[in-house]
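Residue-level listing of the chains:
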Amino acid sequence: MTAPFARQRYLIDYTLAALARRRGKNTGLVVIYTAVVFVLASAMLFASAIRYEATTVLADSPELIVQELVMGRHGMLPAAHLDKLAEIRGVQGVEGRLWGYFYDRANGANYTLMVPGKDAAEHSVGPGEAIIGEGLARSRGFEEGGALLLVSQTGKLLKARIKSVLSSDSALVSADLALISEPDYRRFFELPDDVYTDAAVAIRNPREIEKIVEKATYALPSARFVTRSDIARTYESLFDWREGLLIALAAAAILAFAIFAAEKSSGLSAEEAREIGILKAIGWDTGDIIAMKLWEGGLVSLAAFLVGTVLAYVHVYLFDAGLFEPVLKGWSVLYPDFSLAPRVDGLQLATLFVLTVVPYTAATLVPIWRTAITDPDEVMR
Amino acid sequence: MIFQAPILALLLVSALSALTVLWAASFGLRVIRQWDLASGTRAQLELERRTHLVSTLLAFVMAVELFTLVLFVFNADRMAVMFVGAMCAVGTLNVNDWGFPALYLKIAVFFAAALWLIVDMADRLGRDYPMIRFKYGLIVALAPLVVAAGALELAYFLGLKADVITSCCSKLFTPQKAGLAAEMSGFDERGALMLLAGAFAVLLGTAALWWKSGRFAAVYSVASVFLFVAGLTAIVSTVSLYIYEHPNHHCPFCLLKAEYGYYGYLLYVPLFAGTAMGLAPGVLALYGKTESLAGTLPRLMRRLVAGSVALYVAFGIVVVFTIATSRLVLFG
Amino acid sequence: MIELKDVSKLYNEGRPNEVRALVDVNLVIERDKVTVFKGPSGSGKTTLLSIVGCLSRPTTGRVFLGGDLVSGLPERFLTEIRRSTYGFVFQRFHLVRGLTVLDNVMLPAYPLAPPHAELRERAMARLESLGLADKAAMPVEHLSGGETQRAAIARALINDPRIVIADEPTANLDTALTERFLEIVAELRAEGRTVLMTSHDPRIWQSDLVDAVIEMRDGRVVGEF
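Protein chains in written order, with our numbering: chain A, 1 to 381; chain B, 1 to 332; chain C, 1 to 225.
Think of the hints as simulated: they come from the structure by calculation, not from any bench. Watch out, some of these pointers could steer you wrong.
As the list claims (entries may be wrong) - No more than 25 Å apart at the CA atoms, straight line, and that leaves these computed lysine to any residue pairs for SDA-like:
#1 C:Lys5 <-> B:Phe226
#2 C:Lys33 <-> C:Ser207
#3 C:Lys5 <-> B:Leu45
As the list claims (entries may be wrong) - These stretches of chain B come out as covered by chain A in the derived footprint (C-beta under 8 Å, 3 or more residues):
#4 12 to 18
#5 62 to 75
#6 144 to 156
Treat the numbers as computed from the prediction; the structure is a model and nothing was measured. No residue lacks a Cβ here, since even glycine has one placed at the ideal position from N, Cα and C.
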């Protein structure tokens, strides 16, 4: 081991001994530090998990969605449009979709009613059958094999046997979902047979999507086209914005913490000040003291960062982020009860590091230096 | 679009760096005016002790700038989904006019801070602080650079609008376009490798010359800048093709991603570290004749030259290895 | 040889509470001798020792150590000189509480980073010769007064200094322990070290061991014997 490394090892040894001696003083700091890391890490991990959920959902969504616009608002899509879309070269298939929202007066919640797509074989429902989301089942006490009973505003009755309840794997989007058959859907909402909510267009080569949208715009001048990447972008900016808001709020906490840390490291106890004086007198240089103190801060940071991040991981993925759910997931009456898929990426850890360890270090540098410049002849006076 | 965690983190670091360096520069002006080592007054002792603080702070600035340089590129890469036409960091950086200048300035800040730390280290070897005024003059010069880098970054992030249609690496790093990036990727593969080999020859030649004569350290530093440019050109025009195993993909950022096994770090870390060390001897040579540094400064310079040559050679080996093991064959 | 030329030291210079701790001191201290500074408290002896020992710099004047000017050196180099040339035994010993005797003794060597095994061996040898080997693993606060002083001496010697400085070494010791201390000083001199002490203890400056006594008052040297 060369001298510079050996020197650092001696300094670390000394720091560890000093930390052990002043356990009481440092415990408070580490606890608060860990709490700051925990809150921030939870917010970031949670946002990332939700973002990931959204991307998984998106991956299954069609490349292109076509909506009819009436007076600039979303209207019903005439069935005739589907044929026009299918004629465009490069379009693999067109499927009219039926979905909508339903306000349930029984419990004041909003459901999404939907007719499952043709290729979703495991979710196919025949007339008089339904598949419902786990949140809906819970809030109304429905069970598999039981009956789904809904009454529309105009008094139409929907009665269907519950074929199954969706598992909570992707419950974020499916919690308030009810899948019913097309005839049931049209009757319940009193829809004519030749309209759809919108259409999903499958495209042979994703690279041609811009070209196809261009052609479709000519064919259907009144329609709006939403591509998958449009949705991804909206999602992304929505989630980022919310996450950012949380972090802007956290910034106040970080600032307070930095001030606390600066206070803490400049308010040396008499014992500690005496110790630094002794070290200076017996031959430690200002640089040695600074290095030793930086190790101390580094070890404290490392401990707080690791513990805070691990706790946040446990909080978000094992306890489903109990503390943040209402803020980030939305305000639906039906809180989805589901597990997030564990997911950590380097960019997030790096960001977390910059947002916690960097302010802490910056706040303590000046106090550390002030400590280190103790006059070496102090102990002689 | 600044309410995003990584962007807030980057801005925080830039603000901290700018404040630190501005303070250091104002202190630098005081040192330049008042420094008098012969004086035993308290004021002089205070100045001396404050230099410790400045060194620590600048080391901190360099460390966080280096860290956030990587963060900056990674964040740009992850944000690519938000911009039409962007597939990786290049697209995001191209969303407005400030992206690439901000990146270039960040790199410049890193090199400047590294250079300053080496000068500081050299100065501390002398019992009379021989380079103190020069060193603090450098900080005064460094301050505008750091502030400008922070300002560009802020302008860039403020100007990020999700509805902008940008162009990505496949469009930017294509030989048919104009501009620096296109120039670099437009270099024909053989030419770029020849350039790199030439730069290596010049570098090793100047290193040997310096080693023998103890003179022309500045030439070595110029050669290392030349090698840095040649190295980047080679990465963009040729080496990237071998890594992607695709004859037209020139992006210098994608190779930092997990898809390519973080291969880019093998190239960039030695190239950047070698250059940071290679820049210093030319500057240190200004003080080559200082009495209080006799013996210690030449030793430091030898270590720097040897270190940077070793790092460059490591870079060269990675380049050769990449080309040799790739399944892509450009030269039949 | 240590030489001081026109050395003055001000504390709190330019403020109302300015103190002139040393005034134009000119002095030569011979090597390989035992020199004692005596005088009432506040006479400047301790300040003088701290300047000689490179713990602080004179406000004006010059200090030479073996012919080299050390007074104009940056703090960093003063530290280097201090830890390679001087060993200090402070009045209240100033061991670091909570650390063992052995750790305390090794502390001054940390910045020099010698191999750990070698440092440990050196420290144990020192403790052995001072009769403290069996207390090596004990926290310093459990030592008696005399043992504490010997631990402090062991620490002062760990970097093998040419010059040992002791500030009021016997102020807290009874007669028997003072005798023991003087024995140690004799050993140090026999090993070829220069010893500098401040003391107002007559048992010290009347001892045969002492080669020179320098008397101080109000920051000036008023007599050399």
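Right, here's what the structure says about each hint:
1. This hinted pair does not check out: lysine 5 of chain C and phenylalanine 226 of chain B have alpha carbons roughly 55 Å apart, beyond 25 Å.
2. Restraint check: the Cα-Cα separation between lysine 33 of chain C and serine 207 of chain C comes to about 13 Å, which is no more than 25 Å; the hinted pair holds.
3. Restraint check for lysine 5 of chain C and leucine 45 of chain B: the C-alpha separation of about 21 Å stays at or below 25 Å, so the hint holds.
4. Under a criterion of three residues with beta carbons nearer than 8 Å to beta carbons of chain A, the stated coverage of the segment 12 to 18 of chain B is upheld, 3 such residues being counted.
5. Look at the segment 62 to 75 of chain B against chain A: 7 of its residues bring a Cβ nearer than 8 Å to a Cβ of that chain, three or more, so the hint holds.
6. For the segment 144 to 156 of chain B, the assignment as covered by chain A is violated, since 0 residues bring a beta-carbon within under 8 Å of that chain's beta-carbons and 3 are needed.
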